[in-house]
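Position chains B and C against the provided structure of chain A, taking the given hints into account.
Residue numbers (the numbering used here), protein chains in the order written: chain A, 1 to 389; chain B, 1 to 299; chain C, 1 to 294.
Simulated from the structure, these hints should not be mistaken for lab results.
All residues carry an ideal CB built from backbone N, CA and C; glycine is no exception.
Do not rely on the hints blindly, as some may be mistaken.
Heads up, simulated PhoX-like pairs for lysine-lysine below, C-alpha to C-alpha not over 20 Å straight-line [claimed, not checked]:
| id | chain 1 | residue 1 | chain 2 | residue 2 |
| --- | --- | --- | --- | --- |
| 1 | B | K15 | C | K188 |
| 2 | A | K95 | C | K188 |
| 3 | C | K96 | B | K15 |
| 4 | B | K15 | A | K95 |
Label-pair ranges, simulated between beta-carbon atoms [what the hints assert, rightly or not]:
| id | chain 1 | residue 1 | chain 2 | residue 2 | range |
| --- | --- | --- | --- | --- | --- |
| 5 | B | S77 | C | F59 | 48 to 56 Å |
| 6 | C | G240 | B | F282 | 35 to 43 Å |
| 7 | B | F282 | A | D47 | 50 to 58 Å |
| 8 | C | W198 | B | P11 | 23 to 31 Å |
| 9 | C | G240 | B | A100 | 37 to 45 Å |
| 10 | A | G49 | C | W198 | 34 to 42 Å |
| 11 | C | S40 | B | F282 | 51 to 59 Å |
| 12 | A | E193 | B | F282 | 49 to 57 Å |
| 13 | A | A300 | C | K96 | 48 to 56 Å |
| 14 | B | L190 | A | D76 | 38 to 46 Å |
Heads up, incomplete: computed chain C residues facing chain A, CB under 8 Å, no partners named [to be verified]:
| id | residue |
| --- | --- |
| 15 | D183 |
| 16 | V192 |
| 17 | R199 |
| 18 | P207 |
| 19 | M208 |
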Amino acid sequence: MSKIATDLGRDAIIAHREAASGQISVSVRDLVIRYGAQTVLDRMSLDIGRGEFLVLLGPSGCGKSTLLNAIAGLLDITDGEIWISGKNVTWDEPKDRGIGMVFQSYALYPRMSVEDNMGFGLKISGLPKAEVKARVAKAAQVLQIEALLKRKPAELSGGQRQRVAIGRALVRNVDVFLFDEPLSNLDAKLRAELRVEIKRLHQDLGNTMIYVTHDQIEAMTLADRIAIMKGGIIQQLAPPHEVYNKPCNLFVAGFIGSPGMNFLKGRLAIAGDTVAFDIGDLRIPLHAYERSGGPLVDGAEAVLGVRPEHISLGDAASGDDGGRRFRTPGRVEMVEPTGADTMLWSKLGAQSVTIRVSADVAYHLGDTITLALDLNRASLFDAKSGERL
Amino acid sequence: MTMATAHERRPRGPKPRRLTAGRIGIYAFVAVSCLFFLMPLYVMVVTSFKTLDEIRMSQIFALPSHFSVEPWVTAWSSACTGASCDGLKVGFTNSVLITAPSVVLSILAGALLGYSLSLWRTKGSNVLFGLLLAGAFLPYQIFIYPLVRIYAYVSLYGTLFNIITVHVIFGLPVMTLLFRNYFSSVPIELFKAARVDGAGFWRIFTSIMLPLSTPMIIVAVILQVTGVWNDFLLGTVFAGQANWPMTVQLNNIVNTTEGTRAYNVDMAATILTAAVPLLVYFVSGRWFVRGIAAGAVKG
Amino acid sequence: MARRQKRSWGATLTIVPFWVLVLGAYVGTMVWTVLISLTSSKMLPNTQFVGLAQYTRLFATERWNIAVHNIAIFGVLMMILCLVIGFLLAAMVDSKIRAEDTVRTIILYPQAISFIVTGLVWQWMMNPTVGIEKAMHDFGWMGFSFDWLVTPDKAIYALVLAGVWQGSGLIMALMLAGLRGIDQEIWKAARVDGIPTWRVYVSIALPMMRPTIVTAVVLMSLSVIKAYDLVVALTSGGPGLSTDVPAKFIMDFFFNRSNIGLATAACTVMLIFVLVVFTPWFYFEYFREKNGSR
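Bound-form chain A, shown alone:
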């Protein structure tokens, strides 16, 4: 009896807090999902704000789709709770959770017209015909697929199919949209097009959107916040620029960015107040680096991460910037033009680094250059734990 009482008490407190803030749309609490001996998600908690666009990003098998399906109510959870719009929906059927969902394979009902595809759920729920028609028409207008309403899915292109699938979620008039890799089956051009479409939709509707992808461009362009997952654990949950510029560990740093961040292995050298990073004989002073993590230990193995675009090429004599940039000579070992930019390969100490430079200047193999590392924008990680320092 007292257990129930405290539970109810907690419920009331939570409900009160939510009503007061009015901010939380989807809340995952201590979620555990286990299949036999394998734990896919372990005590995960996550709050998603009202109107937020959250992207779940990670390599395949990281648990991102599992999390999304759990929120949708499409799989059995082992423990924990899921709240949507201030209501505990842990035991509710997907249709009662106030969600709409878009799938990778579009999952349109093949023998039904576009119109019927979008309206079928509403029809089943007993909504009057006129209302169904009105909602379908509205959604079709928003998605600019009015001309396709009478067609069958087989007669549509991939992009059009995915619009219909989005339309099917739209007509449900729900607060929360779930996207499960919706663009993965499309070619690059269509993907870019629909990405913009989804972003526009989010701006217009202001719904909460949870979006699963393994494509970091989608994540960076769409998200208000990105949750980067690995092994069933959220590694970092932050806005895109922060994930990009201040990755919290080596995994996040390596996963985001293409070409990847340069990782330079070395040792910390601490003498009094001055911190430096030794790569072989090369000593890089780190006083421009903003510390954000654990204590720095003299002689500890560490990794210095520098993005290719944060290494610039300049001459050794250029003006003093308060030690923000570390300059060292190098030599062009490979040139890889990608169109807008050109990638150069060089050596820093004995380690290879990639440098992103403008395509306007021509570089040749063997050219002598000066590398300028922007230490203010670099990341320092503990080599053992991989955590940001």
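Chains B and C in isolation, oriented as in the chain A frame:
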């Protein structure tokens, strides 16, 4: 929150499973279906262990009051098939003598033809394939009589050779189809690479394609063993009385007996006849399903 | 055809015997059968051309008409029952039941055994004096009557029952493969849409399985036309002619009645029927990709 919900557990973790009416309905339907499918097997087995007196006294679902293996012995070694009374063992031997070479030869032929049709495409191969398929779909009756005349003309009618070659002929369409489809799914690059390396028609078949086709061979063996063993029509027409397979003998034992019918012996004989394909079925499991699906869907 | 290869002697030499075999054993015998049907052949084939006289006689033969009538009833009932039962079983097995493998094994085992075996077992069970009827009477249900096998106007249903027992497993397997072939995300989408499971089966899954159903119907109709073993073992065509079928008619006229002309005429009718009904399907199924309509 109303008072009614206050006594319920706060939703957390997996949703408690309630046995719904739908679920009960499903299990009831499944259970009744399983009983329906198992009933004949059960009846066969219990009947085969009863004495004739008991069969007259009790009913078919009752277990035998004491197990009698007598019917099995009779069925195997002394049941009468009209003309002679040597039991099913003769039919068993015949079925083995018919099935083994038929299976081997038809698979070899099907693999070879399927390979030629899928990867070499000689002139008119589509026509040949079409004719073969038509052969698979048409009732045997359409071909039987002229075949009888042909075999009789060369004095081979009613011989072991006759029945085996007929099985190979009528097994060819499905076997060819199976292997043609399989070899068509092999990456064509493999074939091209072998050609570039100088391998010819036979070399590619024996060194590359046959070793690749083990799964298909297993499926084909299952399909052919059960198919040939269970055949009745071709056996009656072509095997000749001396080589009658088990199915024909079984039917003769049961349906041509005069006087009182020995149901227990009949059922023992029936189980004995079904034993080989059932053994194949239970041992091969999923392979069998694959086999009938492949053979049926495309044959 | 992307796969056209350079000619090879090995391939040509291999294919020639198969051509001989197919032309001889299939095409030749078929033509021969048709030719005999145009003659006055009785016990042995002769060459006396009589035009379509054998066909006129065939269609005037009451036994043939009964056999055709029987096979039509048997075929229609068999197909409807197998499709319905097969689909229901597939849907049940698909709905995450316990011991799925065992259930599937039980439903499919009749597929492994001979029609002769099936016929004999059911003959035994449907025997009114010692079979199920007697068992029910012994259990105290005296009004129970199960005399299909010995009642002329019900014997065909006995044939259907045994046929369904043996055949619905295959249909279940086909349907199950069809159901499993449906994209899992469609089921998820339907759950999010709040569509009841039975409705998903009826309105979404079933229409998607049209090719499977067509295949199943074709397969069953082919096996119905070929029906011979089961009839011989279960009823021998009786009582009277109540379960006679064309395949049995033909065999009897070939080998017992020695009326080759009439038998070959019946064969030809069967041949024409199969060709007319199945050629479109057959063409569509195996050669459509040739026309680039994929």
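Next on the checklist: So, against the hints stated earlier in the document, which numbers end up violated here?
Outcome noted: The structure breaks none of the hints.
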